[in-house]
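Number of protein chains: 2
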Amino acid sequence: MKLLKEKILTDGRARGSHILKVDSFLNHQLDIRLLNEIGKEFRSRFQQDKVDKILTIEASGIGIASIASQYFDYVPVVFAKKAESLNIDKEVYESKVHSFTKNKDYNVMVGKQFLKEGENVLIIDDFLANGCAAIGLIDIVKQAGANVIGVGIVIEKGFQDGRKKIEELGHRVESLAIIEKMEEGKIYFK
Amino acid sequence: MKLLKEKILTDGRARGSHILKVDSFLNHQLDIRLLNEIGKEFRSRFQQDKVDKILTIEASGIGIASIASQYFDYVPVVFAKKAESLNIDKEVYESKVHSFTKNKDYNVMVGKQFLKEGENVLIIDDFLANGCAAIGLIDIVKQAGANVIGVGIVIEKGFQDGRKKIEELGHRVESLAIIEKMEEGKIYFK
Chain A
1 MKLLKEKILT DGRARGSHIL KVDSFLNHQL DIRLLNEIGK EFRSRFQQDK
51 VDKILTIEAS GIGIASIASQ YFDYVPVVFA KKAESLNIDK EVYESKVHSF
101 TKNKDYNVMV GKQFLKEGEN VLIIDDFLAN GCAAIGLIDI VKQAGANVIG
151 VGIVIEKGFQ DGRKKIEELG HRVESLAIIE KMEEGKIYFK
Chain B
1 MKLLKEKILT DGRARGSHIL KVDSFLNHQL DIRLLNEIGK EFRSRFQQDK
51 VDKILTIEAS GIGIASIASQ YFDYVPVVFA KKAESLNIDK EVYESKVHSF
101 TKNKDYNVMV GKQFLKEGEN VLIIDDFLAN GCAAIGLIDI VKQAGANVIG
151 VGIVIEKGFQ DGRKKIEELG HRVESLAIIE KMEEGKIYFK
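Chains as they are written, first to last, in our numbering: chain A, 1 to 190; chain B, 1 to 190.
Keep in mind that the hints were calculated from the coordinates and are not lab data.
Any given hint could turn out to be false.
When chains are identical, the list treats them as one kind, so a pair holds in a single copy or across two.
[As the list claims (entries may be wrong)] No farther apart than 25 Å at their CA atoms in a straight line, the calculated lysine-lysine pairs in the PhoX-like style are these:
no. : residue 1 : residue 2
1   : K90       : K164
2   : K21       : K116
3   : K142      : K5
4   : K102      : K112
5   : K82       : K102
6   : K90       : K5
7   : K104      : K82
8   : K21       : K7
9   : K7        : K112
10  : K21       : K82
11  : K21       : K90
12  : K186      : K50
Keep in mind the model is a prediction, meaning the values are calculated, not measured.
Full structure from sequences and hints, please.
Next comes the structure, spelled out in structure tokens:
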């Protein structure tokens with residue numbers, strides 16, 4: 001997606017070879033016009049698919065998923081919540097996720113009433129790196145007996161193995177910008 | 001706001017006299033059509049005001065603020081982040097907030113580059129109860145030398161003193177639904 005790549009080159013900042021800061025438009029301050037273009041692009045990538053619900057994860061996925069829903073006939077958005085310890089509430093689906101950034105495990109949780117058997121669920125998130133968060137969301141969709149339509153990602157770190165892991169699970173990944181590498185402050189797309 | 005009140009009566013659940021669960025449409029699963037109507041209503045409440053930026057707080061405020069921005073000429077949305085301990089990063093504005101729900105203090109933080117002196121900032125959040133979160137956001141806007149245009153709230157617990165505290169600071173509060181009381185599972189609006 002050309003507009004997104006241009007924005008990353010203009011306003012993103014590469015920190016070393018692995019960290020990309022996009023907090024001026026994607027995950028702290030949000031560029032709502034850009035999010036609309038991102039939403040349209042997700043629709044175009046998944047235009048053949050019946051989508052009943054969009055699932056994302058707090059916090060950065062929420063704005064992206066909410067705007068995107070408008071291009072999927074306003075389907076409900078559900079955001080998974082993060083919690084450090086196992087919740088004793090039996091009314092939630094849970095999956096354990098490892099965060100490499102924070103070097104700890106956390107649980108992602110979705111209330112059982114918000115994912116139903118047979119529903120077609122599109123997973124959307126801001127970043128794909130090692131795939132842990134997305135795989136946790138896929139696990140939750142499967143626990144509910146619902147179908148994963150695909151995983152829509154705004155920025156993929158193509159030099160990490162998240163895509164490989166998700167594809168090995170049999171799911172489709174659509175990333176709007178794929179970073180090949182970052183070197184000396186420069187960002188290279190695949 | 002009639003549509004919102006109807007939705008609260010239909011899909012909200014009062015738990016005792018103080019807790020209102022609206023997670024089926026406002027803060028876990030999101031009804032994006034309703035959020036659009038909420039965004040329009042915020043615009044109509046603040047139609048006389050110049051708004052340069054919308055400030056909210058993770059996680060529940062993000063979807064509401066992102067959709068609302070579309071009715072304010074797509075101004076940038078900034079969401080404050082929550083952290084349990086003081087961040088050593090000097091590049092953030094911080095304010096300490098007490099959570100009565102979780103009975104602990106946390107810090108809300110906004111990167112300094114995302115709030116500028118003289119900017120007109122509309123604060124938006126899902127709930128107003130004791131006002132702690134909103135007052136933390138007001139504090140951050142003032143630290144930046146920016147102007148608080150007002151505080152837009154989806155659901156106000158009218159039986160708590162958040163509005164009083166914010167008004168005493170000299171700021172305007174616009175709530176789209178004000179709960180007067182909850183008794184025996186019934187919800188009464190002001």
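So, going through the hints one by one against the coordinates:
Taking CA atoms no more than 25 Å apart as the test, K90 paired with K164 passes in neither setting, with 32 Å inside one copy and 38 Å between copies. Taking CA atoms no more than 25 Å apart as the test, K21 paired with K116 passes between copies only; the shortest distance there is 20 Å, against 36 Å inside one copy. In this assembly of identical chains, the alpha carbons of K142 and K5 never lie at most 25 Å apart, being 33 Å within a copy and 35 Å across copies at closest. In this homomeric assembly, K102 and K112 come within 25 Å of each other (Cα to Cα) only across copies, at 23 Å, whereas the closest approach inside a single copy is 28 Å.
Taking CA atoms no more than 25 Å apart as the test, K82 paired with K102 passes in both settings, with 13 Å inside one copy and 15 Å between copies. Taking the shortest Cα distances, K90 and K5 never come within 25 Å of each other, neither inside one copy (42 Å) nor across copies (30 Å). In this assembly of identical chains, K104 and K82 lie within 25 Å of each other by CA distance both inside one copy and across copies; the values are 12 Å within and 18 Å between. Taking the closest pair of Cα atoms, K21 and K7 come within 25 Å of each other only inside a single copy of the chain (12 Å); across copies the shortest separation is 39 Å, beyond that limit.
In this assembly of identical chains, K7 and K112 lie within 25 Å of each other by CA distance solely across copies; the values are 21 Å between and 38 Å within a copy. Proximity of K21 and K82 under a CA criterion of 25 Å is satisfied in both settings, with 22 Å inside one chain copy and 18 Å between copies. In this homomeric assembly, K21 and K90 come within 25 Å of each other (Cα to Cα) only across copies, at 17 Å, whereas the closest approach inside a single copy is 37 Å. Within a single copy, K186 and K50 get their C-alpha atoms no closer than 39 Å, and across copies no closer than 38 Å, so neither meets the 25 Å cut-off.
Taken one by one, the earlier hints fail for this structure at numbers 1, 3, 6, 12, listed in ascending order.
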